Amino acid sequence: MPEETISKDNPLTDTGAGAPGRQMNMIEAINDALDIMMARDPDIVILGEDVGYFGGVFRATAGLQKKFGRNRVFDAPINECGIIGAAVGMAAYGLRPVPEIQFADYIYPGLDQLVSEAARMRYRSAGEFTSPITIRSPFGGGIFGGQTHSQSPEAMFTHVAGLKTIIPATPHDAKGLLIAAIEDNDPVMFFEPKRIYNGPFGGDYDKPSRTWKGHPGGEVPEGYYKIPLGKARIVREGEALTVLCYGTMVHVAEAVLADKGVDAEIIDLRSLVPLDIETVEKSVQKTGKCLVIHEATRTSGFGAELVTLVQERCFYHLEAPVERVTGFDTPYPHSLEWAYFPGPVRIGEAVDRLMKD
Amino acid sequence: MAEGPVEKGIARGNLPPLELYVPEPKYRPGDVVDYSHLPVPPAGLLARPDETCPASETWPLTLDMVRVLDDDDHAVGAWNPGLDPETLRRMLRTMALTRAFDDRLYRSQRQGKTSFYMKCTGEEAISVACAMALAGDDMVFPSYRQQGILISRGYPLVDMVNQIYSNRADPLKGRQLPIMYSAKDYGFFSISGNLATQFPQAVGWAMASAIKGDTRIATAFIGEGSSAEGDFHAAMTFAAVYNAPVVLHVVNNQWAISSFSGFAGAERTTFAARATGYGIAGLRVDGNDALAVYAAMEWAANRARANQGPTLIEHFTYRAEGHSTSDDPSAYRSAQEREEWPLGDPIMRLKKHLIALGEWSEEQQEAMDRELVEQVKVATKEAEKNGILGHGMHHPFHTMFEDVFEELPWHLEEQAAQAMRERGIKWPEWKERDDA
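Quick note, the sequences are listed as chains A and B, same order.
Residue numbering for the first sequence follows our numbering, starting at 1479 and increasing by one per position.
Residue numbering for the second sequence follows our numbering, starting at 129 and increasing by one per position.
Don't read these hints as lab results, they were simulated from the structure.
Take these hints with a grain of salt, some might be off.
In the DSSO-like style, the derived pairs of lysine-lysine whose C-alpha atoms are separated by at most 27 Å in a straight line are [stated by the list, open to error]: (1) Lys340(B) to Lys1834(A); (2) Lys559(B) to Lys1685(A); (3) Lys509(B) to Lys1738(A); (4) Lys554(B) to Lys1685(A).
Since we're looking at a predicted model, the values are computed, not measured.
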């Protein structure tokens, strides 16, 4: 297995091995990762709704069927149970499937195959059978997708023993993490924040949208590299406050804290399970304050886990109650999407509360 | 018997290696389309079994195609429902209104007045003729392409547009993606963006009607693509086991976004033939022939109401437009398919039939079309007074937190207060309108 190529000291810009970077959006980076891995490993197959000739509704698999053939990249019937169940069977044979679920909101018919089967296969067969499956799925809101194209269900999966849950926040990370996920020998949920497929989003829906051009995370090294699962990225070092976030919310947090001029340490978790607890602990022990942000609904969200871990491990370092900013406990509404979204105002209020002393 | 673990990959003489079969549609962009391989049987040939017949008598019909309108625009054969000209004109008008509505609201989406739209172009006969063959109080569990049923049942166009614009008069309070209507008073179940979920629900509604000794039946629609979902098979099993008074429709419009019907099993047999395996009645219908659709729906509804149980109906049709405003079909199928589709256009066919009867004319059609365009325009203008998406004229903020539960628990009240406070911070001048 090749060495990890991302140094821990400067995980964002040090792309390792002096590989030249290329400007990509997140879709292109994902496509590039799939392309590279398909070429390296003949056991990798891609299946999902519309992923073949069409290349996926978000174009993440564009060109792959043409290049690798219909034997390795193929459309699937509209049946998520079948997609994931077949992936479990292919993995039992020895393949390494990378199924796509078109929207995270559509994954529920496949839950039994995922939760009762893929996640426990290694355990129940004492390692005889494994499920080295990476399930890619766009998730999150901010595109007026209504309640069935906007959900952030990651916490459901982090709650399942045996599943890893990965969420990239930049094209650079999307590629490196996806390669690591595919090489991982356990089932990995790979949730892609679709709001930032084409560019980072600072949370102001009434400002013009940006592309990845000029963003350091949009510089994607050529060729193979991977970012180990379970390693967070320190987006910005700081002393005043630790911000724990992932996906789209990384960019919203960055924009809000820059705007407020707070010397925050922003941590992009990248991997929820396994979690980089060491980086979290070190940071909170340094700053004494912690803000957790996610777009998903609040109750029993992954934020609850993070807050608990922080108080268990950093209680005597804390100078203020840990704050949690999330989506509301409603389905994702269509017209009031931006009232639901945990945007700059909600985050700003929490930062003010934390920084008031 | 072999002893010990199995040996893998043993040589089997000169047997060829196994091969994976992956379906591929006949035509891709730029291809010349030739549908001569599609069997289109002549209209009027099939027998119409009695509505109380054993299910097995219908099974030959699942492999054939019920057609009423012939090539000379006459209604022929045992399945001709024998509708009077007034009813036929109403059917034509409702189909044309559905198309006019689609055309205008599609343009509204392109003009940025809403986020999303889905047309049913080419499939108007299925919704409208089914709605007309049902009783007004029968319950419909639609997919997202049955706007013709709502229109047929007289649901106000302006409220459809209000929903599409997610504005302050939206009956669904701006919560749902455009066209995901819900209209209980019109016997029209809340549409889900998740596929096929309505199929077992329709069976459950029908079982409830039977439990209560009611006379109403249920009906549900899905596309051929989503018939691959487990929900379809759950529905079929329950319908069969409980002999439920339900009519289950598969609208086979050939395409599920970019996946052709082969990815739902169409290369092996018809969708109607799935009825056989479950032991229930099945019919396969020319979905672009409004009279055949009406006749099949009427037959199945009568059967269900007579306690003779469920029917599966496949409507063979063509999705003439993209899946939705988010889709570009020119990327995956030949544009010529629509022109070459051998079953024609349902509105044109019904129009020609009425003209052949001497009950209609091209001039009347043109006048009607102008009138319908105006009717839709009036409705959209009226709806626009209530706002378009993203321009601030939406339901009050508190409504976002209502209906999660019957009553708001403390945490949702707190979150509602939070949302209002955020609004005040972002827009200090803003005041919630109380006339919404």
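Outcome of the hint check:
no.: 1; hint: Lys340(B) to Lys1834(A); result: violated, 63 Å
no.: 2; hint: Lys559(B) to Lys1685(A); result: holds, 22 Å
no.: 3; hint: Lys509(B) to Lys1738(A); result: violated, 44 Å
no.: 4; hint: Lys554(B) to Lys1685(A); result: holds, 13 Å
Checked against the numbered hints listed earlier, the structure breaks hints 1, 3; every other hint is satisfied.
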